Amino acid sequence: MFIFAHRRTLTLLDGEYGSVFKGRSLDFDELRAYVPGDEVRDIDWKATARHGSPLIKRYVAVRRHTVLLLMDTGRNMAAQALSGEPKKDIAVHAAGVLGYLASRHGDDVGLLHGNATASKYLPPRSGEEHLERLLREVDASASLDGPASGIAEQLDYVLRYLKGRLLIVAVADEFLPDAHTQSLLRRLRGRHEVLWLTVRDAELAAVAGNRMQQSTDVGTGQGIPAPLTVDAKVRAAYAAATLEREKRRRDVFHGLGIAEEQTTGSEDVLTSVFALLEKHRSRAFSSRTSPQGGNRAG
Amino acid sequence: MELTYWWILPLAAAAVTITAWLHRRRRPPKSRPIAHGERLTDLPEYQHALRRHRARLALAVVLGAVFLAATATAAARPIHRSTEQPEIRNRDIVLCLDVSGSMTSTDAAIAAVFEDLAKEFDGERIGMVIFDSSSVQLFPLTDDYQFAAEQLTLAKEALDSGTGSFFDGTWNGEGSSLIGDGLASCVQSFPGTDAGERSRSVVLATDNFLSGEPIFTLEEASALAAEKKVKVHALNPGDMDYGGQPDQPGAQLEAAAQRTGGTYFTLDSPDAVQGIVQKVQETEATNYLAAPRVVLDDAPAWPLGIALLSGTGMLLLGWRLEP
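As given, the protein sequences belong to chains A and B, one line each in that order. Residue 336 is where the first sequence ends in my numbering, and the numbering goes up by one at each step. Residue 345 is where the second sequence ends in my numbering, and the numbering goes up by one at each step.
Since the hints were made in silico from the structure, they are not lab data. Computed from a predicted structure; not experimentally measured. There is no bait here: all hints are sound.
Covered by chain A, per the in silico footprint, the following chain B stretches (three or more residues, Cβ under 8 Å):
| no. | region |
| --- | --- |
| 1 | 50 to 63 |
| 2 | 68 to 78 |
Which chain A residues face chain B? A few, computed with CB under 8 Å, are given here:
| no. | residue |
| --- | --- |
| 3 | L182 |
| 4 | L242 |
| 5 | A243 |
| 6 | G257 |
| 7 | I262 |
| 8 | V272 |
Ideal Cβ positions, reconstructed from N, Cα and C, are used throughout, including at glycine.
Only chain A is shown next, with the shape it has when bound in the complex (with noise of 0.2 Å):
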């Protein structure tokens, strides 16, 4: 199980994904005309006697991926997720599900975290030591009192100043994109692969059946009095508006074909991480991607 890489790695460290450079593999690539200054065990003898002239076999060489996981540390990931748990540890969970999964395929991880005032990168490095690290400093870095989020920040960062092909792994939660985080996203998954993880925001009216609580508002310290959203029409009210959202949502994802998929609580952490590689892999998500070979090697 591994992130699955649609378009070759740039880098240059041996790994397990396809590359744009050549090499040696078990990946088979093309024959083509020997050069002056190639090596001479590289010469396909048996084409070449079929061919008159000195041909020389290539291979996809095999390269590392470096995962960045992009994620939002702002205020609104410290509230209540749909299970009732802190936001941020959903995140963590999955990330770590994540990480471990790139770092036990060899490839390095990265964070890119931050709110939206501030976004701090933690290059991308080796190593279950350092996965550790990054989710400590996601745990860390995420509470009440710190400022809003606003993932826009993190994607101008990473088009900014990030070069090189990378797999990037977004979890931040139910927020709708707007229309600059849409050309943000549009352009990040031109020059990245991306896969999104929506970590489900909580319920705000009352489920029937269940005792509702006062809650606070971590955006604008506004409180929501607990009978107010027992209130049968504001209920049907906010259940509609949650069905638009959900669609709108669904569309802009599917439009900019991200593979997205949500989590609603711990529990639930790993088979939505595992169906969101599903889906990534096999393109399910969208129908504008033009088909393109998997070129994984090995």
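Fit chain B to the known structure of chain A by using the hints.
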């Protein structure tokens, strides 16, 4: 309107202030942090519900304040202060009726008046003695007004008709209309000699035409009455004195009545009896008014009523606020 314990009000205000202060100091109730609250709060339905909720809360605060103020006022015991001059109703009245032939219609009128009065008596005692040549106690002093009224009704009917066994026992003496003896018997109807707290009066109806030799003369009987502190109010339906000599029957009766501190009336017709009895009653009443005193009445009805109303309102609101 004033308050007995006015200091309860500042105390209650202080208690409310301290409670409010403690409430403010208390840690805010546990609230779950959520993100994207505007998804709910921006809904027009939510805005509407929020306005209603706020209105209800404001109403609840007002009702609570009214409730606290009303209960504090009730606890401070609001009172009505009024001055009252209570009439002491501890009189003993003996009707002393001469039932000789000429007196029956007057006697019937007196009985009728007292029959009505007995219905309104409260604390008074009434007794009745009839006499001619000897006296008969019809009923002793009693506060069983129902019984007295029955007896008075019987007496009235018998006096109206002038026949029957009602007058049995009144001719045992020699002669008739032995007024001195009759009055003495009436005075003897009062127990003991000490009047105590109770005032004593005799309503004596007679024309003072004496025929026969009484054991007590009218003077002696009135002296006895004065000794026992009994006032004699005399009603004379047939005052036919010639001139102003003191030995005329009417003058004698008047003198006897005034000696006891009582009054003397002449009657032109039995219909006047009612007015005269009222006059007697009024004299008695004014004589027996107690000293004016201040009466303090608790008036908890209106603060408690307001508290009840606002409390009910708060219950209803609370039911709406915490579904």
